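As they're listed, the protein sequences go chains A and B.
My numbering numbers the first residue of the first sequence as 1 and each following residue consecutively.
My numbering numbers the first residue of the second sequence as 1 and each following residue consecutively.
Because the hints were derived from the structure by calculation, they are not lab data.
Predicted model, so just to flag it, every value in this text is computed and none were measured.
A hint or two may mislead.
Distance condition first, Cα-Cα at most 27 Å in a straight line; then the derived DSS-like pairs of lysine-lysine [claimed, not checked]:
1) A:Lys-4 <-> B:Lys-9
2) A:Lys-2 <-> B:Lys-9
3) B:Lys-133 <-> A:Lys-2
4) A:Lys-4 <-> B:Lys-42
5) A:Lys-19 <-> B:Lys-15
6) B:Lys-62 <-> A:Lys-4
7) B:Lys-132 <-> A:Lys-29
8) B:Lys-101 <-> A:Lys-28
9) A:Lys-28 <-> B:Lys-132
10) B:Lys-118 <-> A:Lys-28
11) A:Lys-29 <-> B:Lys-15
12) B:Lys-242 <-> B:Lys-3
13) B:Lys-42 <-> A:Lys-2
14) A:Lys-19 <-> B:Lys-198
15) B:Lys-133 <-> A:Lys-29
16) A:Lys-29 <-> B:Lys-118
17) B:Lys-133 <-> A:Lys-28
18) A:Lys-29 <-> B:Lys-121
19) A:Lys-19 <-> B:Lys-133
20) B:Lys-54 <-> B:Lys-174
21) B:Lys-184 <-> A:Lys-2
22) A:Lys-2 <-> B:Lys-146
23) A:Lys-19 <-> B:Lys-42
24) B:Lys-54 <-> A:Lys-2
25) B:Lys-3 <-> A:Lys-28
26) B:Lys-159 <-> A:Lys-29
27) B:Lys-174 <-> B:Lys-184
28) B:Lys-103 <-> B:Lys-118
29) B:Lys-121 <-> B:Lys-42
30) B:Lys-3 <-> B:Lys-174
31) B:Lys-146 <-> A:Lys-19
32) A:Lys-19 <-> B:Lys-9
33) B:Lys-9 <-> B:Lys-42
34) A:Lys-29 <-> B:Lys-103
35) B:Lys-42 <-> A:Lys-28
36) A:Lys-19 <-> B:Lys-184
37) B:Lys-3 <-> A:Lys-4
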Amino acid sequence: MKNKSPFDRFSEESERIRKVPMSDEQAKKINDLSRELERQEAEEDNLVPLPKIAGKNGVEINSQI
Amino acid sequence: MGKVIRFSKFSNYIKELNELGGCPAGTILDANVIITLSYSPKKYHTRTLDFLNKEIYARDIKCYTTVNTTSEYLEFHRRLLMTEGLRDSIDSDSKSNLPNKKKQLIRLQSGILANREKNNKADPVFFDREIKKIREGFYESGVVGKNLWKELCDFSLMKKLQEEYENLENLGVKYISPNDKDQKEFFIKEMTWAGAVKICAETCAGFSDSMILNALESTSFQFAVSLDSDIAFAVLSNSTMKDVVMPDDLIDSSEALSALV
């Protein structure tokens, strides 16, 4: 079998590094944060603006809770 | 005037150099050579690997780079690894399940990239501005979005980029330096920034190319290896330049260059 040169080993090692898949632990962290973000965004989407209220001197106060 | 040498003509070229006074002890590899070696889908990967094995390594010609190479290499792999990590995260088989809005954000940029791959035969690698757009979309979601982005970086980059750096170190291609006592014998004149500026100003070569050509001028090395036609034009346009070696089909892909070589 042909001896591998440093260039061959370099090329193969780079390929190996790229192909390392996501671990279960990494996936769990990403999925936990994703669920948290989805909850947060769902809450924000559900905020209903209050009706506009006339303030002092007729200036509108447009507020949200 | 320097010469542009095809890979296929390198054996004859070295034979001529030997007849004139000996095979050069070393050469300078352009950063794009190192990057291409590390990434098999790159055009010229196989022929560059074969060339280095058969013509450079087999002749025991030592390889060097300029100081820019490590940062150019890591910058390419930063974008490559992040692109692959982000694209993996929206794949239907992915273990991760990002929020739909974030998936859409990545899909949008991934679609732009897919068009570029198809129409321009571009590398499947996001531009920096595309990664920034995606990152901005995560940061817009506040602390949780920021933390999620950090986890994606952790998966895509944290260990892998460090390993890429170690891989480059293990390759043992050092940057050319007059301060390295093992390299002193190669220097025939002082290597200065002013020298690189002069080369750049004379030919409007990119500055990384100018640094390679300046390093050649400062050492006894006769040629550099590159995958960039710009450096070939710079070599051909200046009477004091040394030579550059590159793949045949890279030369043939440019009418202007192939007419001059």
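Tested hints:
no. : hint                    : result
1   : A:Lys-4 <-> B:Lys-9     : holds, 24 Å
2   : A:Lys-2 <-> B:Lys-9     : holds, 25 Å
3   : B:Lys-133 <-> A:Lys-2   : violated, 46 Å
4   : A:Lys-4 <-> B:Lys-42    : holds, 21 Å
5   : A:Lys-19 <-> B:Lys-15   : violated, 41 Å
6   : B:Lys-62 <-> A:Lys-4    : holds, 17 Å
7   : B:Lys-132 <-> A:Lys-29  : holds, 22 Å
8   : B:Lys-101 <-> A:Lys-28  : holds, 19 Å
9   : A:Lys-28 <-> B:Lys-132  : holds, 25 Å
10  : B:Lys-118 <-> A:Lys-28  : violated, 34 Å
11  : A:Lys-29 <-> B:Lys-15   : violated, 59 Å
12  : B:Lys-242 <-> B:Lys-3   : holds, 7 Å
13  : B:Lys-42 <-> A:Lys-2    : holds, 24 Å
14  : A:Lys-19 <-> B:Lys-198  : violated, 43 Å
15  : B:Lys-133 <-> A:Lys-29  : holds, 23 Å
16  : A:Lys-29 <-> B:Lys-118  : violated, 34 Å
17  : B:Lys-133 <-> A:Lys-28  : holds, 25 Å
18  : A:Lys-29 <-> B:Lys-121  : violated, 35 Å
19  : A:Lys-19 <-> B:Lys-133  : holds, 25 Å
20  : B:Lys-54 <-> B:Lys-174  : holds, 20 Å
21  : B:Lys-184 <-> A:Lys-2   : violated, 34 Å
22  : A:Lys-2 <-> B:Lys-146   : violated, 48 Å
23  : A:Lys-19 <-> B:Lys-42   : holds, 16 Å
24  : B:Lys-54 <-> A:Lys-2    : holds, 12 Å
25  : B:Lys-3 <-> A:Lys-28    : violated, 56 Å
26  : B:Lys-159 <-> A:Lys-29  : holds, 16 Å
27  : B:Lys-174 <-> B:Lys-184 : holds, 14 Å
28  : B:Lys-103 <-> B:Lys-118 : holds, 22 Å
29  : B:Lys-121 <-> B:Lys-42  : holds, 10 Å
30  : B:Lys-3 <-> B:Lys-174   : holds, 25 Å
31  : B:Lys-146 <-> A:Lys-19  : holds, 25 Å
32  : A:Lys-19 <-> B:Lys-9    : violated, 36 Å
33  : B:Lys-9 <-> B:Lys-42    : holds, 23 Å
34  : A:Lys-29 <-> B:Lys-103  : holds, 17 Å
35  : B:Lys-42 <-> A:Lys-28   : violated, 33 Å
36  : A:Lys-19 <-> B:Lys-184  : violated, 40 Å
37  : B:Lys-3 <-> A:Lys-4     : violated, 31 Å
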